[in-house]
Each structure stands twice: as structure tokens, then as C-alpha cells.
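Chain by chain, the residues run as shown.
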Amino acid sequence: MLCVLLAAWAAYANPGVESEHFEEDLVIRPLKDGRIGTRFSFTTTLEDVSPRNPESLDGDDDSQHYTLFPLTLGQILREYAITELHLSLNAGKWNYDTWGMPDEPGVATGGELWAWIADGASTSVDQRWQGLRNALAGLFCASLGAMDEQRTTSPSRTFRPEGSLPDWGHPHHLRHAFLPSEHVCTENLTPFYKLLPCKSFSGIATLLNPHRLFDADWHGMSIHVLWKEGVGIQVRLTFQAVLDPIRNSWNKKRDWSLKSLFGRRIEQSCPISSASQIRVSIPEDQPHLFTPQPSGVDGSYAVFNVSGGEWLFTDVEMRWHNETSFQNRFTDPRTATGKQNSVSALSVQRTLKSVNKYRGSLNVAVTNNRGDDIQTTYLETIPWFVQLFLHTLRIECNGTRRGDLLDDTTYTPPIPHSRPTLYQSTLTVPAGSTVYMTMDVTKAFLRYTEHPPDAQRGWDLPPAVFVPIKAGQKGSDELERIYTPILLVDLATPDFSMPYNVIIMSSTLITFIFGSVFNLLTRKFIVTKVEGNHKTDETGQLESASAGGKD
Amino acid sequence: MSEDADDERIFFQSRKVRWSILAAYWAVILLALPLWWTTTSIQRLSLPTSRVEDLAQNDLRFPVHIVLDSSSGVDTKALSVKLQSLINARLSPDVRAWLDVHVHADPVPRVDAYVVKFDASSQDTKVQGRNLILAGGGSSPSKLANLLIDLLTPRYTAADEQKIAKYSPRYRLAFSLLNENAALGKSAIGWDLNGTLSRYFIPTLQSLQLLHNFTIESQVQFHAPLAFDPTQITHLGDNAHGLTHEDLTVFVNSAEWSLSSSASNDPVLHFVLFIPSISHRPLYLLDSERNPVKSSAFILPQWGGIVVHNFPSDVTSHLHMTSDYLESIFSAFGLQLFSLLGVPELPKGIISLDSTPLSRWQMDSLLRQRSLENVVSTTETLHSIIKLVDQIENMPVKEDVKGDIQNALDSLEMAYKSSDSAKPALEYSARALTLSSRAFFNPGMLALLYFPPEHTYAIYAPLFAPVSLPLIAPVVREFLAWRKAKREKQKVE
Numbered sequence: 132m133l134c135v136l137l138a139a140w141a142a143y144a145n146p147g148v149e150s151e152h153f154e155e156d157l158v159i160r161p162l163k164d165g166r167i168g169t170r171f172s173f174t175t176t177l178e179d180v181s182p183r184n185p186e187s188l189d190g191d192d193d194s195q196h197y198t199l200f201p202l203t204l205g206q207i208l209r210e211y212a213i214t215e216l217h218l219s220l221n222a223g224k225w226n227y228d229t230w231g232m233p234d235e236p237g238v239a240t241g242g243e244l245w246a247w248i249a250d251g252a253s254t255s256v257d258q259r260w261q262g263l264r265n266a267l268a269g270l271f272c273a274s275l276g277a278m279d280e281q282r283t284t285s286p287s288r289t290f291r292p293e294g295s296l297p298d299w300g301h302p303h304h305l306r307h308a309f310l311p312s313e314h315v316c317t318e319n320l321t322p323f324y325k326l327l328p329c330k331s332f333s334g335i336a337t338l339l340n341p342h343r344l345f346d347a348d349w350h351g352m353s354i355h356v357l358w359k360e361g362v363g364i365q366v367r368l369t370f371q372a373v374l375d376p377i378r379n380s381w382n383k384k385r386d387w388s389l390k391s392l393f394g395r396r397i398e399q400s401c402p403i404s405s406a407s408q409i410r411v412s413i414p415e416d417q418p419h420l421f422t423p424q425p426s427g428v429d430g431s432y433a434v435f436n437v438s439g440g441e442w443l444f445t446d447v448e449m450r451w452h453n454e455t456s457f458q459n460r461f462t463d464p465r466t467a468t469g470k471q472n473s474v475s476a477l478s479v480q481r482t483l484k485s486v487n488k489y490r491g492s493l494n495v496a497v498t499n500n501r502g503d504d505i506q507t508t509y510l511e512t513i514p515w516f517v518q519l520f521l522h523t524l525r526i527e528c529n530g531t532r533r534g535d536l537l538d539d540t541t542y543t544p545p546i547p548h549s550r551p552t553l554y555q556s557t558l559t560v561p562a563g564s565t566v567y568m569t570m571d572v573t574k575a576f577l578r579y580t581e582h583p584p585d586a587q588r589g590w591d592l593p594p595a596v597f598v599p600i601k602a603g604q605k606g607s608d609e610l611e612r613i614y615t616p617i618l619l620v621d622l623a624t625p626d627f628s629m630p631y632n633v634i635i636m637s638s639t640l641i642t643f644i645f646g647s648v649f650n651l652l653t654r655k656f657i658v659t660k661v662e663g664n665h666k667t668d669e670t671g672q673l674e675s676a677s678a679g680g681k682d
Numbered sequence: 195m196s197e198d199a200d201d202e203r204i205f206f207q208s209r210k211v212r213w214s215i216l217a218a219y220w221a222v223i224l225l226a227l228p229l230w231w232t233t234t235s236i237q238r239l240s241l242p243t244s245r246v247e248d249l250a251q252n253d254l255r256f257p258v259h260i261v262l263d264s265s266s267g268v269d270t271k272a273l274s275v276k277l278q279s280l281i282n283a284r285l286s287p288d289v290r291a292w293l294d295v296h297v298h299a300d301p302v303p304r305v306d307a308y309v310v311k312f313d314a315s316s317q318d319t320k321v322q323g324r325n326l327i328l329a330g331g332g333s334s335p336s337k338l339a340n341l342l343i344d345l346l347t348p349r350y351t352a353a354d355e356q357k358i359a360k361y362s363p364r365y366r367l368a369f370s371l372l373n374e375n376a377a378l379g380k381s382a383i384g385w386d387l388n389g390t391l392s393r394y395f396i397p398t399l400q401s402l403q404l405l406h407n408f409t410i411e412s413q414v415q416f417h418a419p420l421a422f423d424p425t426q427i428t429h430l431g432d433n434a435h436g437l438t439h440e441d442l443t444v445f446v447n448s449a450e451w452s453l454s455s456s457a458s459n460d461p462v463l464h465f466v467l468f469i470p471s472i473s474h475r476p477l478y479l480l481d482s483e484r485n486p487v488k489s490s491a492f493i494l495p496q497w498g499g500i501v502v503h504n505f506p507s508d509v510t511s512h513l514h515m516t517s518d519y520l521e522s523i524f525s526a527f528g529l530q531l532f533s534l535l536g537v538p539e540l541p542k543g544i545i546s547l548d549s550t551p552l553s554r555w556q557m558d559s560l561l562r563q564r565s566l567e568n569v570v571s572t573t574e575t576l577h578s579i580i581k582l583v584d585q586i587e588n589m590p591v592k593e594d595v596k597g598d599i600q601n602a603l604d605s606l607e608m609a610y611k612s613s614d615s616a617k618p619a620l621e622y623s624a625r626a627l628t629l630s631s632r633a634f635f636n637p638g639m640l641a642l643l644y645f646p647p648e649h650t651y652a653i654y655a656p657l658f659a660p661v662s663l664p665l666i667a668p669v670v671r672e673f674l675a676w677r678k679a680k681r682e683k684q685k686v687e
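Protein chains in written order, with the numbering used here: chain S, 132 to 682; chain X, 195 to 687.
Since the hints were derived computationally from the structure, they do not count as laboratory data. All C-beta atoms, glycine included, are put in the ideal place defined by N, C-alpha and C. Accuracy of the hints is not assured; some may be wrong.
Unchecked claim - Using C-beta positions, here's what the derived DEER-type ranges look like:
| hint | chain 1 | residue 1 | chain 2 | residue 2 | range |
| --- | --- | --- | --- | --- | --- |
| 1 | S | Gly190 | X | Val570 | 45 to 55 Å |
| 2 | X | Ser392 | S | Asn184 | 18 to 28 Å |
| 3 | X | Gln322 | S | Gly190 | 34 to 44 Å |
What the hints assert, rightly or not - Covered stretches of chain S, as calculated for chain X (at least 3 residues, CB under 8 Å):
| hint | region |
| --- | --- |
| 4 | 190–197 |
| 5 | 203–212 |
| 6 | 393–405 |
| 7 | 641–650 |
To be verified - Partial list, computed: chain X residues near chain S (C-beta under 8 Å):
| hint | residue |
| --- | --- |
| 8 | Arg212 |
| 9 | Asn375 |
| 10 | Ile410 |
| 11 | Glu411 |
Could you build the full structure based on these sequences and the hints that come with them?
Quick look at the structure:
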């Protein structure tokens with residue numbers, strides 16, 4: 132019945148939505164450690180439309196009419212004239228060594244927001260950045276408003292525009308902020324659904340089952356808005372999750388199906404998606420079996436079309452042939468033997484060591500797992516309360532000091548209580564070796580009101596970002612980013628009942644001093660003769676005096 | 195006694211020195227009191243209370259001039275006197291407080307004067323611009339007076355009045371095409387909104403541009419489930435579904451329909467075209483006897499309008515709605531917009547010759563009505579602020595609040611002065627309303643609203659209680675000693 136309708140609709144060839152397109156895509160990758168990497172991607176394209184020119188912000192905006200494009204997001208983009216926007220909210224630590232590069236590069240733990248905003252309006256870029264943060268915070272129920280100027284930087288070497296920037300005669304500026312303590316949860320996913328044309332009712336989005344996604348070993352959502360010259364404005368909503376079929380399997384097998392991974396099947400297709408497919412990465416060496424048969428093969432991916440086919444399937448299943456139980460042969464990549472096993476070209480470890488609440492040192496170890504030298508940009512955006520001492524920077528490789536490996540450094544020092552540190556440089560990692568960098572840091576003593584409600588927990592430091600520069604491809608649009616895990620720094624925290632203690636202590640002291648002095652000044656001292664001393668008093672001069680109050 | 199006298203001889207033990215030490219301490223404390231008072235008190239600027247209280251007497255009055263056209267040979271002199279007294283008698287006292295009707299037998303040099311013409315050849319009573327053309331050469335003065343009153347003052351029923359959205363100089367009109375479930379098929383996958391708006395809706399909006407500016411936005415949703423199951427009914431022998439009156443009150447499923455938008459503070463009027471899923475078709479609105487009613491449109495007061503649309507049976511696939519198809523739906527939206535904005539209907543049997551959807555008579559009456567509403571609600575808001583500030587002593591009143599209140603009062607006075615013509619009166623009254631509500635909702639006024647006195651005691655008590663004891667005790671002691679000394683002196687004498 133439904134297929135007939137779909138065929139009829141296909142013949143109808145939706146004449147009205149020709150300027151808006153919606154495509155959905157699910158990529159499933161079996162990972163080396165037996166887990167399953169999944170990436171949902173929902174792309175809406177608004178054709179032949181350009182972002183709002185900030186110069187027009189003072190006047191009235193055009194009417195906004197959307198069929199597939201999310202209106203609530205469109206309003207925010209136009210209200211603040213945002214050219215390009217990337218927001219990601221993730222939970223967990225992406226394991227580059229075993230999982231490889233993610234399909235969506237933005238895997239920083241916590242929240243990350245960056246936007247390219249053009250100048251030229253009567254309101255400054257920073258004002259619009261603030262408005263954008265607050266509007267997105269409201270839209271996604273996330274505390275993005277906390278990404279204030281204390282966390283905002285402009286690392287334009289690391290975060291290049293992914294689309295094109297229109298030339299309005301005013302420069303575009305980058306605003307970027309990490310919010311490592313933010314966590315993605317159901318309340319963020321519900322607004323995410325609402326931006327999709329088919330919400331979670333039909334099409335691939337049916338599989339977005341919060342019970343399974345938030346149970347995953349790693350999960351995160353992101354929103355990307357960009358403008359491509361000649362194409363239009365593109366909104367891409369993605370959800371990535373790393374699921375573990377072995378954990379939920381009674382016989383330790385890594386066979387999976389959509390039903391077993393997500394607890395749901397695709398019951399109906401999204402009527403307005405122009406392309407809707409599931410792509411499964413085909414393992415190179417091991418025998419496997421797909422049910423049903425894929426409708427096509429695209430490179431190393433088996434493609435299953437969710438709509439438009441002769442039949443509508445509801446589930447995809449993959450079985451590993453002749454495998455009774457999965458043996459994780461993937462050893463720790465950081466041990467000497469495991470190094471070659473790492474899927475990623477670079478392995479990064481970053482730690483903060485501190486002896487006390489005042490000093491510490493930041494240690495970064497970057498390992499090159501490839502046979503040739505790798506050049507990479509290195510970005511640190513650390514809030515002002517952890518201050519780097521650049522002169523103490525030591526770089527060692529193979530036991531010798533190698534200052535020459537670091538090049539092209541830009542450094543914006545922090546301003547206490549307002550601006551974070553921005554440190555960018557280019558690092559060369561020799562083939563097959565590890566570069567160790569250490570830098571001394573001091574930790575600030577915060578004002579009483581600057582502490583968060585759970586001050587004893589410590590402060591999350593944003594991740595460092597490495598962007599390997601491919602030889603001869605400097606300035607390429609497709610940049611792979613490697614985020615290090617976030618760090619937790621323990622700052623000196625006061626006793627928060629302190630103000631009252633101080634009031635009471637100092638009041639008591641003042642009262643004591645005041646009382647004694649005042650008493651001395653106003654008390655009457657009298658001389659009394661002690662009767663019992665008459666015998667010794669024959670000289671007539673010896674008197675014992677005692678001071679006492681007199682009523 | 196003698197001992198005391200001995201002590202007094204040592205200078206630092208003398209009563210005078212002790213007293214002066216005590217007095218010095220007390221002097222310091224008393225002198226410091228004003229400083230303490232000013233540094234800890236909340237800034238509460240005095241509000242123009244008397245001006246706000248005077249507002250009650252200073253009412254808005256709209257003069258209205260009606261000229262009777264004498265060219266058709268009617269005795270306008272006699273009629274004008276008759277009409278004037280009839281209208282004065284029939285206008286209710288609270289309307290007469292703001293509407294000043296003058297009937298003239300001779301032309302007056304005013305552009306906004308209404309002209310009543312008598313046309314013997316005409317069959318219908320018509321309005322054109324500010325003219326009223328009476329059919330058949332005129333009717334009885336009593337009927338004419340009633341007609342004029344109806345044209346000059348909008349008659350709202352209580353239900354109508356509830357629907358009217360609060361005045362705002364700018365509204366956002368959000369058009370939403372909601373498919374209950376498009377995946378089941380035969381749904382609306384798009385609409386030619388731009389074409390439809392420019393053909394059927396923009397003229398309506400343009401006729402209202404004296405009162406409001408509009409921002410238009412639209413979206414299409416393919417899955418907009420209802421929060422309840424429609425009632426199963428049988429209509430003309432077929433199975434159908436119906437929405438009872440109770441269903442309509444919970445029709446909007448705000449959890450699943452993302453209709454709210456966050457980008458601006460202008461009030462939004464929603465216009466929703468709801469396409470039921472094929473499993474709920476046809477979907478009718480039901481009356482109290484559970485029979486389907488003819489209309490498929492309903493208004494949610496002050497929120498917007500909804501049209502439930504069932505596709506004709508010849509639709510076999512998804513449909514892209516053209517502007518021809520949408521005409522009837524958008525004319526329903528147009529009528530809903532008029533009711534939401536309080537546009538009065540022309541009295542029965544009167545035809546408008548104007549090309550605009552709104553005649554000049556309706557427009558003037560609406561302008562007067564809206565200005566009056568604004569003035570009334572500004573006055574109420576200002577009274578509330580004064581009362582609130584009076585009642586809550588912890589409420590700070592800063593410069594911006596005071597400025598807003600003063601500007602609102604100034605705008606109100608300008609509105610009174612310019613009530614001669616309705617348009618500036620509306621503008622000033624709208625400005626006054628905006629300013630007064632901004633003053634009312636000023637976040638600065640909330641700062642210390644809930645600062646409990648216990649906190650004050652908790653901070654002051656540890657210092658002031660122990661310090662005050664040694665300060666008061668010697669005073670009492672010295673006073674008692676002085677009285678004792680005085681008595682003994684008297685005894686001796």
C-alpha cells in the first residue's frame with residue numbers, strides 16, 4: 132500500500148520544494164574493537180539563498196518562508212546575521228587510536244560552538260555572538276550562555292570556514308568557544324528532533340532512540356550551517372554514537388541489526404527526503420553476511436536505500452561468518468607493540484600535573500604512528516585561571532631537546548577575569564617517534580563569586596586541538612581535527628560559609644577590643660584599704676590596691 | 195560618700211571626664227548613623243504619583259463631526275438637531291466620556307468629517323470613504339442615529355472581546371502548514387505561500403498598516419500529531435472523525451508542534467492549516483449535539499486561527515497546494531486576523547464601495563477603540579506601579595524606571611492633545627503603553643524584592659549586639675549614680 136503511494140508520489144516529483152532539499156544518511160562502521168560506529172546525518176539545503184548581510188540588520192528582514200528548513204534555526208541565523216555556524220554537544224572521550232577519525236570531526240567532549248560572523252552591522256560581532264549563544268542555549272536547552280568572553284577565542288588557523296564566505300566588503304570574524312562541562316542528554320535531543328522535517332516519526336530519524344543512544348559508549352550531536360557558493364545554505368544535523376553490540380550480546384558475538392543496535396526499525400519512510408540511505412562500511416578481510424542484500428555498493432560501503440525502492444525494508448542485519456565469539460586483538464596502542472595498531476596517524480596524550488594548588492605543569496605527548504614526518508597545528512585555548520608560562524616550554528624527542536620542532540607560534544596572553552589564553556603553533560612530529568612538550572602553569576585564586584555551585588569538583592579545561600597539515604595541502608577545506616581529552620584542574624576553593632564566619636569572627640574581635648578599651652575609659656578606679664593587713668602596715672605606707680568596678 | 199569625693203579629685207576619675215568620654219562615643223555613633231543609613235538604603239526615586247493620580251480625570255476625547263449633505267433637498271437643519279439629541283441620548287455614558295459627536299447641517303472645513311448623503315436613486319445603504327450614502331433618500335432619524343452609532347463605535351460581544359489580541363505596533367504572523375502524518379500518504383508537501391499571500395492576504399494587511407506592522411514567516415511540518423484521538427462519528431452514512439468543543443481547547447499540541455519561535459519579542463499570531471492524516475479523515479468540527487458544522491475554521495483567543503482542511507476525494511497522492519487551491523483557506527485566515535485584531539464588522543445591510551477590505555468608517559472606529567484601550571491599560575499599569583512601589587519597601591526605583599514613567603505620562607498627554615485625529619493619538623498611546631509596561635517589567639526593580647530581614651539581622655547582630663551592651667550599660671550606670679548622688683545631696687540639705 133505504502134509502496135504504491137510512494138511510487139505515485141515519485142511520479143509527482145514534488146514541484147513545490149525544488150528550492151529546498153532534504154537528504155538523510157546513516158553510516159555504520161564496524162570498529163576494530165568490536166564496537167559499531169554510527170553517524171546519522173540530515174542535510175537540508177536551501178538553494179540559491181545567501182546568508183543575511185549584516186548591513187541589513189538595522190532594517191526589517193524579509194519574510195521567512197520555509198518548507199523543509201527549520202524555521203526556528205533560520206530565525207536565529209537571520210536575526211544575528213550568522214554566515215557559518217557549528218555547534219556540537221558530545222559526551223565521552225573519542226578514542227582515535229581504536230576508532231580512527233570520526234565521520235564528523237567535531238568530537239570535543241562537552242559543548243563546542245564556533246561561528247563565522249561578518250562585520251558591518253551597527254551591532255558588533257561580539258554582541259551578535261552573545262545573542263547567538265543565548266538563542267541557541269534556548270533552542271537546545273543547553274547552558275551555552277556560559278560561553279562568555281572568558282571562553283571565547285578566535286583560533287582562525289585551526290577552524291577554517293567549511294563553506295564559502297560571501298564578499299560583502301567587510302571581513303568575517305571567527306568566534307569559538309568550548310564548554311567542556313556541558314553534557315548532551317535527552318533534553319538536547321528533543322529540540323534536535325524538532326529541527327528535522329520528519330522529526331523522529333519517519334525515515335532514518337526513527338532510529339534515534341534516546342534509550343539506546345544515551346547508553347552508547349560515546350555519543351554526540353552537532354549542527355552545522357554553512358553557505359556554499361552556487362549551492363545555497365546547508366543545514367546539517369548529525370548524531371554520532373559508538374555502540375557496543377558485544378556488551379548486549381549473550382554469546383559475545385558482534386553481529387548486529389538495526390533492531391539490536393537501536394531497539395527500533397524503520398517502519399515508514401520520510402515522504403519528503405530526496406535521498407535516504409544507510410551505508411555500511413564493508414570490512415576488508417573478514418567474511419560477513421548482509422541481510423537483506425544491499426541495493427548497491429559505493430566505494431567501500433554497502434548501500435541500502437530506505438525509500439524509493441520497489442520494497443521498503445525495515446531492518447538491516449550484518450553477521451560475521453564463522454565467528455563464534457569476538458576476540459578483541461586490539462591491544463593498548465600506547466604500549467610499544469601496540470603502536471603500529473593505532474588507526475590514527477597521531478596519538479596525543481595531555482595531562483596536567485600539579486604539586487599544589489598554585490603551580491603545575493602541562494604535559495603533551497604527541498606520537499607519530501606513521502613512517503613519515505607529520506606537521507600539525509597545535510591549539511590551546513585555556514581559560515585565564517590557568518596561566519601558561521611560555522618561557523618554560525621544553526620540547527623533547529628521543530631524549531634530546533628539540534626546540535626546532537615548534538614553529539610559527541601565535542600567543543594571546545590571558546586577561547584575568549575576562550580573556551582566555553590563545554596559543555597556536557605548528558609542530559613537526561618526526562616519523563615513528565614521540566614528542567614531549569612540558570610547560571609550567573600557575574593556577575589563579577578565584578574570587579568568591581567566580582566559583583561555580585559545585586566548586587569542589589574542579590574546573591574542566593577545554594581540549595587541545597591538533598590539525599595535521601597534509602603535505603602540499605596547506606589551507607585545504609577538509610581539515611581533520613584531533614581533540615585531546617579534557618582536563619580537570621583543582622583550584623584553591625574557599626570554605627563557602629566563609630563570609631559569615633568572617634563577619635562573626637571579626638565582629639567578636641572588634642567587640643572584644645572595643646569593650647575592653649571602652650571599659651577602661653569609663654570605669655571608676657578606687658583605692659581600698661585592706662583591713663586584714665594592719666599588722667604589716669606599721670610602716671603606714673604599704674597599701675594593697677585593687678581595681679574594681681563600682682556601682 | 196567621702197570616698198567618691200576622694201576619687202573625683204583625680205582628674206581622670208572625675209565624673210565629667212567619664213561623661214565626656216561616653217558622650218564622645220555616642221556622638222560618633224549618632225553622627226555615623228546618617229552615613230550608615232545612606233550607604234545601606236535602596237535607591238528609591240520619587241515617582242510622579244500626583245501626575246499618575248490625576249490621570250483619572252484627564253480622559254481621552256475624540257471629537258467626531260458628522261455633516262448632513264443638503265444637496266438632495268432634505269431639511270438638514272431640523273434633522274441635525276434631532277440627530278444630535280438622539281445620538282447623545284442613545285450613546286451609553288461611558289462611551290460619551292470619550293466620543294464627542296457633533297452633527298452639522300452645513301459643511302465643516304475638516305478632512306476627517308463624516309458626510310451623510312441622501313441618494314433617492316440608490317437601493318442599498320453604502321459607505322464610501324467617510325461618506326454614508328443612504329438608500330431611498332433616507333430613513334427615520336431614529337434609525338439613522340442607530341446606524342451612525344453602530345458605525346462609530348464597534349460593538350463587541352463578550353466572546354468577540356476575548357478574542358482580541360493585545361495591541362502591539364508590530365505583530366509576527368506565523369503561517370504553519372501542519373500535516374498530522376505525511377508518511378501515511380495523501381498529504382500536503384508544500385504550498386505556494388508567497389503567491390497566495392500576495393494575492394489574498396497582503397491587501398488585508400495593507401488595509402491595517404495604519405495600526406500595525408507585520409512580519410510574516412511560514413513553515414511546513416510533516417508530522418504534527420494530535421495529543422488526543424478525535425471522536426468517531428458517522429456522517430452521511432460514512433465513518434468520519436470529529437473535534438468536540440473540548441477537543442478544540444487542547445487542539446494545539448505544543449509539545450510536538452514546534453510553533454514557538456525565539457528570535458524576537460513581538461507578539462505572534464499563528465495561522466495553522468491542519469491536514470489530518472488519512473486515518474483521521476474526514477475530520478469535522480462538531481457542535482454541542484456532536485453534529486458536524488459547516489465551518490472548518492476556529493479561533494483560539496489571542497493566539498491565532500486554525501483551519502482544518504480535508505482533501506477532496508479526488509486527491510490520490512501528495513499534494514502541492516497552489517494559490518487557487520488555498521484561496522478559501524486564506525480568506526478564512528483573513529477573517530480570523532480581523533477578529534483577532536478587533537476589526538468591527540459593518541452593520542448588517544451596509545455595502546462598502548471601497549476597494550480595500552476595510553472601510554474608512556471601520557478603520558476610524560478601530561483606531562479610536564485601540565487608542566482608548568491603550569490609554570486605559572497604560573493608566574492601569576501606571577497605577578499598578580505606583581501601588582506596587584508603595585507597598586513593597588524593598589523595591590528599588592532607579593532613574594530608568596522613573597524616566598520611563600515620566601515619558602509614558604508625557605506620551606499620554608500628547609495622546610490626549612492629539613485626540614483630534616485618531617492616528618497620532620494611537621501612536622502616542624501605543625508609545626505610552628510600551629513605556630509603561632517596560633517600566634513595570636524593569637528587571638532592576640526585582641533586585642532586592644525578596645531580601646529577607648533575617649539576613650540583615652544575621653549580618654548586623656554579631657557586631658551590634660555585643661558592642662551596644664558596654665555602650666548602654668555605663669549610661670545606665672552613670673544615670674543611676676547621678677540620681678543617687680542627687681538624692682543624697684537633697685538628704686544632706
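The hints, checked one at a time:
{"no.": "1", "hint": "S:Gly190 - X:Val570: 45 to 55 Å", "result": "33 Å, violated"}
{"no.": "2", "hint": "X:Ser392 - S:Asn184: 18 to 28 Å", "result": "24 Å, holds"}
{"no.": "3", "hint": "X:Gln322 - S:Gly190: 34 to 44 Å", "result": "36 Å, holds"}
{"no.": "4", "hint": "190–197", "result": "holds (count 6)"}
{"no.": "5", "hint": "203–212", "result": "holds (count 5)"}
{"no.": "6", "hint": "393–405", "result": "holds (count 5)"}
{"no.": "7", "hint": "641–650", "result": "holds (count 6)"}
{"no.": "8", "hint": "Arg212", "result": "5 Å, holds"}
{"no.": "9", "hint": "Asn375", "result": "7 Å, holds"}
{"no.": "10", "hint": "Ile410", "result": "4 Å, holds"}
{"no.": "11", "hint": "Glu411", "result": "5 Å, holds"}
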